[in-house]
Amino acid sequence: MAVEASNKPNVSDRFDDDDSDGPIYFKRSSTAPKKSQLSPEVRKSTSHGNDRQSYKQASDGPCSNGQSSSVQKGKIVPSSRASPTNSYVGRSKASTSNIKTSSLKSSVGNLKVSPLEDKPKPRLEENMVINVKEENNKINHFEECEDNKDNQIQKDLGHGSSANNKQERPSTLSVKRPLEQTDSLHSSMKKSKLSEHAASVKTKQASVKPEPKADDDDDDNLPLVHRMKKSSASEAKSSSTKKNLTKATEVNKAGLPSFKKQAKKLKKSGSDSEYCKSTKLTPSSGDGQKKWTTLVHNGVIFPPPYQPHGVKMLYKGKTVDLTPEQEEVATMYAVMRDTDYMQKDTFKNNFWNDWRKLLGRNHVIQNLKDCDFTPIYDWYQSEKEKKKQMSSEEKKALKEEKVKQEEKYMWAIVDGVKEKVGNFRVEPPGLFRGRGEHPKMGKLKRRIRPSDITINIGKDAPIPECPIPGERWKEIRHDNTVTWLAFWNDPINPKLFKYVFMAASSSLKGQSDKEKYEKARMLKDYIENIRATYTKNFTSKDITKQQIAVATYLIDKLALRAGNEKDDDEADTVGCCTLKVENVKAKPPNYLEFNFLGKDSIKYENTVAVEQPVYNAILKFQKDKQPGDDLFDKLDTSKLNTHLKELMPGLTAKVFRTFNASITLDDKLNTDTKDGDVGDKIGVYQTANKEVAIICNHQRSVSKSHTAQMSRLNEKIDELKGVLKELKQDLDRAKKGKPLKSADGKRKKTPEAIENKINQTSLKIDKMERDKHTKEELKTVALGTSKINYLDPRITVAWCKRHEVPIEKIFNKSLLAKFSWAMDVDPDFRF
DNA sequence: AAAGGAACTTAGTAGCTCTAAA
DNA sequence: TTTAGAGCTACTAAGTTCCTTT
Numbered sequence: 001m002a003v004e005a006s007n008k009p010n011v012s013d014r015f016d017d018d019d020s021d022g023p024i025y026f027k028r029s030s031t032a033p034k035k036s037q038l039s040p041e042v043r044k045s046t047s048h049g050n051d052r053q054s055y056k057q058a059s060d061g062p063c064s065n066g067q068s069s070s071v072q073k074g075k076i077v078p079s080s081r082a083s084p085t086n087s088y089v090g091r092s093k094a095s096t097s098n099i100k101t102s103s104l105k106s107s108v109g110n111l112k113v114s115p116l117e118d119k120p121k122p123r124l125e126e127n128m129v130i131n132v133k134e135e136n137n138k139i140n141h142f143e144e145c146e147d148n149k150d151n152q153i154q155k156d157l158g159h160g161s162s163a164n165n166k167q168e169r170p171s172t173l174s175v176k177r178p179l180e181q182t183d184s185l186h187s188s189m190k191k192s193k194l195s196e197h198a199a200s201v202k203t204k205q206a207s208v209k210p211e212p213k214a215d216d217d218d219d220d221n222l223p224l225v226h227r228m229k230k231s232s233a234s235e236a237k238s239s240s241t242k243k244n245l246t247k248a249t250e251v252n253k254a255g256l257p258s259f260k261k262q263a264k265k266l267k268k269s270g271s272d273s274e275y276c277k278s279t280k281l282t283p284s285s286g287d288g289q290k291k292w293t294t295l296v297h298n299g300v301i302f303p304p305p306y307q308p309h310g311v312k313m314l315y316k317g318k319t320v321d322l323t324p325e326q327e328e329v330a331t332m333y334a335v336m337r338d339t340d341y342m343q344k345d346t347f348k349n350n351f352w353n354d355w356r357k358l359l360g361r362n363h364v365i366q367n368l369k370d371c372d373f374t375p376i377y378d379w380y381q382s383e384k385e386k387k388k389q390m391s392s393e394e395k396k397a398l399k400e401e402k403v404k405q406e407e408k409y410m411w412a413i414v415d416g417v418k419e420k421v422g423n424f425r426v427e428p429p430g431l432f433r434g435r436g437e438h439p440k441m442g443k444l445k446r447r448i449r450p451s452d453i454t455i456n457i458g459k460d461a462p463i464p465e466c467p468i469p470g471e472r473w474k475e476i477r478h479d480n481t482v483t484w485l486a487f488w489n490d491p492i493n494p495k496l497f498k499y500v501f502m503a504a505s506s507s508l509k510g511q512s513d514k515e516k517y518e519k520a521r522m523l524k525d526y527i528e529n530i531r532a533t534y535t536k537n538f539t540s541k542d543i544t545k546q547q548i549a550v551a552t553y554l555i556d557k558l559a560l561r562a563g564n565e566k567d568d569d570e571a572d573t574v575g576c577c578t579l580k581v582e583n584v585k586a587k588p589p590n591y592l593e594f595n596f597l598g599k600d601s602i603k604y605e606n607t608v609a610v611e612q613p614v615y616n617a618i619l620k621f622q623k624d625k626q627p628g629d630d631l632f633d634k635l636d637t638s639k640l641n642t643h644l645k646e647l648m649p650g651l652t653a654k655v656f657r658t659f660n661a662s663i664t665l666d667d668k669l670n671t672d673t674k675d676g677d678v679g680d681k682i683g684v685y686q687t688a689n690k691e692v693a694i695i696c697n698h699q700r701s702v703s704k705s706h707t708a709q710m711s712r713l714n715e716k717i718d719e720l721k722g723v724l725k726e727l728k729q730d731l732d733r734a735k736k737g738k739p740l741k742s743a744d745g746k747r748k749k750t751p752e753a754i755e756n757k758i759n760q761t762s763l764k765i766d767k768m769e770r771d772k773h774t775k776e777e778l779k780t781v782a783l784g785t786s787k788i789n790y791l792d793p794r795i796t797v798a799w800c801k802r803h804e805v806p807i808e809k810i811f812n813k814s815l816l817a818k819f820s821w822a823m824d825v826d827p828d829f830r831f
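Note that the numbering used here gives residue 429 to position 429 of the first sequence, counting from 1, and the numbers run on in steps of one.
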């Protein structure tokens, strides 16, 4: 399984925003073998009150719909983890499903979403075919200069004044690098030395054309020899996993550029270009891994300087003059009038303290209570209104202007491939919006200047020009063991950094995303053993062991986060290891009622049945402790993770969340998908997605208009019900030959026609009832987070292929870009 | 081994844009 | 054409984990 080296040119060519025509169709392949697969009982019984502590609830000013997003009490769901979970050994070889990788090549990001219904489905032999127009030249096209001279590339990035220069180069080749498919884990197991063998394997690999797939997607990049070897050994799959892993790690360490490129390079041996270096086997000398070889970018863009508006606020009813600096901060406060922060004393106090420093002790303004920011607030509202009223041409022009300014910062060239940068905009000044009861909310987050910023860039790349005249960067580094392009210290908490990273669609991110899921998949092979171990230790005499066992159980069963210690100057939230005595109530005979604030101060409320020894252990841990004491007093995340690593290489607490989320999706999809239309299948997907979101406790606040929307739905339903009633009466009459009651009694309707109408209407009502139900159910559930972070996209892609669901019905444009590495997965892929 | 530093993933929301119903 | 609301993106806060230093 999983862990073989792979490297294929067509997998992961990344695109960005190009548009092109051509729908994606996934076609059913030979029926996938159903695996009996038991997902763990990780059912959350409940309750998604939208309960970020208080402020979220409290609504946004007067608009509140006043709806108490009532936190329903958790139902109790009995737990039975009946059976072992890893039953993948017998995963059958998929039929030779040769995906048209070449057409796939330009898939992601080039999709024009076209509803399936709109176009006739071509009959295709392949599992999946993507029609794509050759992407336009907007991006990703720049010279593949063999030497990859940074300065040449630099021109592409917008450095250097003349655009003419680059025109000279004849070949414009789309240099798209496949995701270097190193295999999982190695990043967390930093150590392996590359053996001669590995080196030769790699070379071979690079020169071998990819064959049609045979097994799961992890194989498809292997040279045939390897695959054959592997398949004969497939029986022993799970036991050999670890070895494979290590090997794969070695093999792929350095990461390969595309086949084409690689081939070229091989010819051109002896070159000392940076490219070649990248193909060499990384020495891996113990210290940090090399993340890139060449890195070119233009630094960051700063928010524009403050433009004073001159609108005067009032103090004790009189206008006050403020300096631009004072006015800027006053404005930040004024415009937050409609937020819940205004109900919070912490926010106001923190703001006042920082603002007062700017005003000075002897300023006219002596307290916040007598300040009236209304004039500034009104000014701001009218500015907003003006913006809204602008014609669409004006808006467009403005947007274009912005894009033009930002264009050069949007891209970086990593190892010769132009890719998107994530957050290239420096955070503008503002008032800190900490979540939950954050002690620092309202503090002034000061403006970041170039002298705060450290730039990380390739040695040979030109250092980005500092965009603010007369200022300079704090520091320039050339550290290729990290992926950040720049960082500065968080002005609110100077111990923390704010980083500029590549975008999610970049290969650097895609790579680690894939590794994350591979690691989670590996857990499958260990989970049975891990569960057995912790079950045994529920009753361990060694209290540390016992606590580790119970904590691991909770993390596994309830998908709790690890729970690191937090400082006093952060919001008071907990995770598993930091649970307090009062966060868990034992309810006989064996129920545990959890109630705490987790990440982002999102409330976790859940009551679950646990195994009796766990129940007993919790009682024991609580004994002789006060509220506020740690439930797991012998435990912290580092001890827990150290223990987990003994059970599986690279295992940490967060892997359980990924594992449980993904395996639940895989399981649900494969159990619940029935024949039906695409709409039904999407429904199945969403239901599965919802289940995962609930397991992970991904919440959102109830939209302000939710109640209104619900009552509108109800009205419509009532209306339809009225219609239905009338129709039924008509039917009666029609049957008896009486004249119809309904208004349009002109033409006589046959009983059949009426019956037909009745059926239609009932269907409509049913659908609306269902929609209403879903809407209500999902009002506090956020589906996006799990899709983005927890669900292995290959599960989704493979399912789409198997069931002829167009992938763009499930993934939006940015997800398609982010998951480009997963698009060519074998239809038979199972997590 | 505890504390702190560093780097990266995960998270909800504000405010936009797109779409379809009125 | 207008507008409600669904859907998306950008933003940045808040986690986890690994590594280094004390």
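Be a bit skeptical, because a hint or two may be false.
[As the list claims (entries may be wrong)] Below, in silico cross-link-like pairs of lysine-lysine (DSBU-like), each with a Cα-Cα straight-line distance of 35 Å or less: (1) LYS384 - LYS318; (2) LYS344 - LYS386; (3) LYS408 - LYS420; (4) LYS728 - LYS668; (5) LYS348 - LYS291; (6) LYS704 - LYS716; (7) LYS318 - LYS344; (8) LYS509 - LYS587; (9) LYS749 - LYS668; (10) LYS645 - LYS566; (11) LYS541 - LYS440; (12) LYS312 - LYS291; (13) LYS498 - LYS291; (14) LYS440 - LYS509; (15) LYS639 - LYS721; (16) LYS690 - LYS704; (17) LYS445 - LYS516; (18) LYS775 - LYS690; (19) LYS509 - LYS536.
Treat the hints as calculated values from the structure; they're not laboratory data.
Taking the hints in turn, this is what the structure says about them:
Our distance criterion of 35 Å between C-alpha atoms is met by LYS384 and LYS318, whose separation comes to about 26 Å. Between LYS344 and LYS386 the alpha-carbon distance is near 31 Å, which keeps this suggested pair within the 35 Å criterion. The hinted pair formed by LYS408 and LYS420 meets the criterion: a straight-line CA distance of about 10 Å does not exceed 35 Å. For the suggested pair LYS728 and LYS668, the alpha carbons sit about 40 Å apart, so the restraint of at most 35 Å is broken.
About 44 Å separates the Cα atoms of LYS348 and LYS291, which puts this hinted pair outside 35 Å; it is violated. Of the pairs offered as hints, the one joining LYS704 and LYS716 holds, with about 20 Å between alpha carbons and a cut-off of 35 Å not exceeded. With a CA separation close to 26 Å, the supplied pair LYS318 and LYS344 stays within the 35 Å bound. Straight-line distance between C-alpha atoms of LYS509 and LYS587 comes to about 44 Å, which puts the hinted pair past the 35 Å bound.
Restraint check for LYS749 and LYS668: not satisfied, since their Cα atoms lie roughly 46 Å apart, outside the 35 Å limit. Between LYS645 and LYS566 the CA atoms are separated by roughly 23 Å; this keeps the pair inside 35 Å, and the hint holds. Proximity of LYS541 to LYS440 is assessed by CA-CA distance (about 43 Å); at most 35 Å being required, the pair is judged violated. Taken as a hint, the LYS312 and LYS291 pair is broken in the structure, with Cα atoms around 52 Å apart against an allowance of 35 Å.
For the given pair, LYS498 sits about 19 Å from LYS291 by alpha-carbon distance, which is consistent with the 35 Å threshold. Among the hinted pairs, LYS440 with LYS509 is consistent with the structure: their alpha-carbon atoms are about 31 Å apart, no more than 35 Å. Between LYS639 and LYS721 the CA atoms are separated by roughly 61 Å; this puts the pair beyond 35 Å, and the hint is violated. At most 35 Å may separate the alpha-carbon atoms for a hinted pair to count; LYS690 and LYS704 meet this at roughly 21 Å.
For the given pair, LYS445 sits about 34 Å from LYS516 by alpha-carbon distance, which is consistent with the 35 Å threshold. Under the criterion of a C-alpha separation no larger than 35 Å, the hint pairing LYS775 with LYS690 is consistent with the structure, at around 12 Å. About 38 Å separates the Cα atoms of LYS509 and LYS536, which puts this hinted pair outside 35 Å; it is violated.
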